[in-house]
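Visitor: This is what each chain is made of:
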Amino acid sequence: MLPEWMKEVDVGPCRFSAVYHGKKGFVGKTIDGIFGFLQEAFVSETYAKRPGFLQGLDPRAKMISILCLVFATSVITNLNLLIFTYALTLMLAYLSKINIAFFIKRVWLFIPIFAGIIAVPAIFNIISPGDLLIQVAYLGKEAHLGPFSLPESIYITKQGLNVAIVFTMRVAACVSAVVLLFITTPQQVLFKSLHSVGVPKIYVLTLEMAYRYVFLLMDLVREMYVAKKARTIKSRSMFEEQKWVGGRMGYTLIRSLDMSEKVHMAMMSRGYNGDVKIMKQFKMHNRDYAAVAAAASLSTLLVLISHNIIQV
Amino acid sequence: METLFDLRNISYSYVGKIDALKDISLKVGRGEQVSILGSNGSGKSTLLAILDGLIYPTSGEFYAFDNQITEEVFDSIKENDFRTYFRTKVGFVFQNSDVQLFSPTVFDEIAFGPLQLDMTAEDVEARVDDVLEMMDIVKLRDRTPHTLSGGEKKKVCIATVLVNNPDVLLLDEPTAGLDPRTQLWLTELLQELGEAGKTVITATHDLEVIDQISERAIVIGEDHRIKVDGSTLDVLGDMALLLSVNLIHEHMHFHGKAVHEHLHAHKGEHLHQHKT
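These protein sequences, in sequence, are chains X and C.
Numbering follows this note's numbering, with no gaps: position 161 of the first sequence is 161.
Numbering follows this note's numbering, with no gaps: position 191 of the second sequence is 191.
Just to be clear, a hint being listed does not mean it is correct.
In silico lysine-lysine, DSS-like type, Cα no more than 27 Å apart, as pairs [as the list claims (entries may be wrong)]:
1) K227/C / K49/X
2) K227/C / K22/C
3) K89/C / K228/X
4) K17/C / K227/C
5) K234/X / K29/X
6) K228/X / K49/X
7) K97/X / K234/X
8) K139/C / K7/X
9) K105/X / K17/C
10) K158/X / K141/X
11) K201/X / K283/X
12) K22/C / K7/X
13) K97/X / K49/X
14) K227/C / K228/X
15) K29/X / K89/C
16) K7/X / K27/C
17) K29/X / K17/C
Per label pair, the in silico range of CB-to-CB distance [claimed, not checked]:
18) K262/X / E79/C: 33 to 43 Å
19) G29/C / I254/X: 40 to 50 Å
20) E142/X / E79/C: 52 to 62 Å
21) M218/X / S59/C: 22 to 32 Å
22) D223/C / L253/X: 19 to 29 Å
23) E222/C / P200/X: 42 to 52 Å
24) S13/C / Y203/X: 34 to 44 Å
25) R141/C / T252/X: 23 to 33 Å
It is worth saying that the hints were derived from the structure and are not from the lab.
On a predicted model such as this, the values are computed, not experimentally measured, just so you know.
Note that beta-carbon positions come from the ideal geometry of N, C-alpha and C, so glycine has one too.
Please model the complete structure; the sequences and the hints are all you need to start from.
Guide: Structure representation (structure tokens):
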């Protein structure tokens, strides 16, 4: 049955020795990154199980409270009030037994991406005219960039800097509040509680399923990479690697479409007829009502102070 | 017997918290046929992945071909002679066939390995044709892997590995989901490879085939530690052990090799002594 060449066994000793050969390939690094995210998701889930302040609240109460805070933060223009709100989120994180360093890192990881793109141009006099703070470049009179005329000099303005700092602080406070909600609530509970704030059931179900299958598909991607690694005898060129990644992306899409059809069939076979039914087992306690009342009052107060309706 | 794999006090845990293997020490010699037995989740697949240098122990040391296998050595982007040698000599058949098949056609899939061995196009084609014929899958040559049935996919997966003529074959649950005829075919193939001097390590919880494909059995318990490392026949005869590691339950029974010679779904065909 076996061809002759397959009966050959190399009985000689291994002629090579294992030595360090430099950096990892880009596919390996990307997969590591994905797994880093997975690991973080696991860590976050453990925060949701700790007996902390926010973990003890009803998820609906928590969601409404946090949304109130996010709404207030997005209309506040006073920097001091924004710093106060951010400090409040840090205090809530501490009371909820979250590692503060982990929390700050998680929030500030995203801020440079969002705030940086929008806030950085705003500090210059081109976007925010105002008082000169630091001169960046002198262009001379009648400077042009194609058909656009440019100011005589480009400088950072006091008003522009203020706008940028307020914007960044606002993003930080909002993101902190939302991250708090996410890491102190188990995912499945969080998604269910969305329904109580008016999100249609079908979206809640879709979100729940998407979250579950994202993990499954990520696992598939990891397994495909490992299987390829097992069969890769020689290092391949970057182009070859990219071709493989492209092919696998297409395959993952086909698999996910195929899986979605099968999942739908499995749902139908268990009685699903398009009407989503969600079991809610939440119970509001006095402290939950108190939390909502406190968050709503504080948010209103912050907005009123920020708009000088109440003088402090 | 020359030692190919040497595992010293190896433990592995996923994302630092879910234990998969604990304190595993074992050696595998050249030409051995070994079964790794254990219930679902005991760590069999993890052990195979470590043996293939795909993941690295969280603690402990793993040596293959007298070299320590570490991430720094294996996961580099640069050309690496030892890794090339290792990947040529060791073949891994995954449990999930779908992850292993990534080329547009069955032919391309099987040719992937030999092409990396710097063989000429004619040699590659001849070798692929040999394997297609040996595996009785010539008719699948130009098919797309994702259109194949489960049994066909498994055959193609095995073909993709055998085509490189590895000296060591690692198989993860190879008989799972196969029809009886394909199972028998696979058992005979593994026997033949063993007779040719290949080292065959199979992770399975299918007790019906292990005495045919291995002389040595390593049993991993539900606590992720090695319970027994001994002869396959001794392991199969130790009912208390098999019960304790969740490989059999109290209503199962053995007929020795007779199990492969008659249908198991029978009533009154012959007498059994069931444990109650």
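Visitor: State for each hint whether it applies.
Guide: For each hint, the structure was consulted:
no.	hint	in the structure
1	K227/C / K49/X	34 Å, violated
2	K227/C / K22/C	11 Å, holds
3	K89/C / K228/X	16 Å, holds
4	K17/C / K227/C	22 Å, holds
5	K234/X / K29/X	18 Å, holds
6	K228/X / K49/X	37 Å, violated
7	K97/X / K234/X	48 Å, violated
8	K139/C / K7/X	25 Å, holds
9	K105/X / K17/C	22 Å, holds
10	K158/X / K141/X	23 Å, holds
11	K201/X / K283/X	19 Å, holds
12	K22/C / K7/X	36 Å, violated
13	K97/X / K49/X	10 Å, holds
14	K227/C / K228/X	32 Å, violated
15	K29/X / K89/C	26 Å, holds
16	K7/X / K27/C	24 Å, holds
17	K29/X / K17/C	22 Å, holds
18	K262/X / E79/C: 33 to 43 Å	42 Å, holds
19	G29/C / I254/X: 40 to 50 Å	43 Å, holds
20	E142/X / E79/C: 52 to 62 Å	59 Å, holds
21	M218/X / S59/C: 22 to 32 Å	26 Å, holds
22	D223/C / L253/X: 19 to 29 Å	40 Å, violated
23	E222/C / P200/X: 42 to 52 Å	44 Å, holds
24	S13/C / Y203/X: 34 to 44 Å	37 Å, holds
25	R141/C / T252/X: 23 to 33 Å	26 Å, holds
Going down the numbered hints, you'll see the structure goes against 1, 6, 7, 12, 14, 22, while the others check out.
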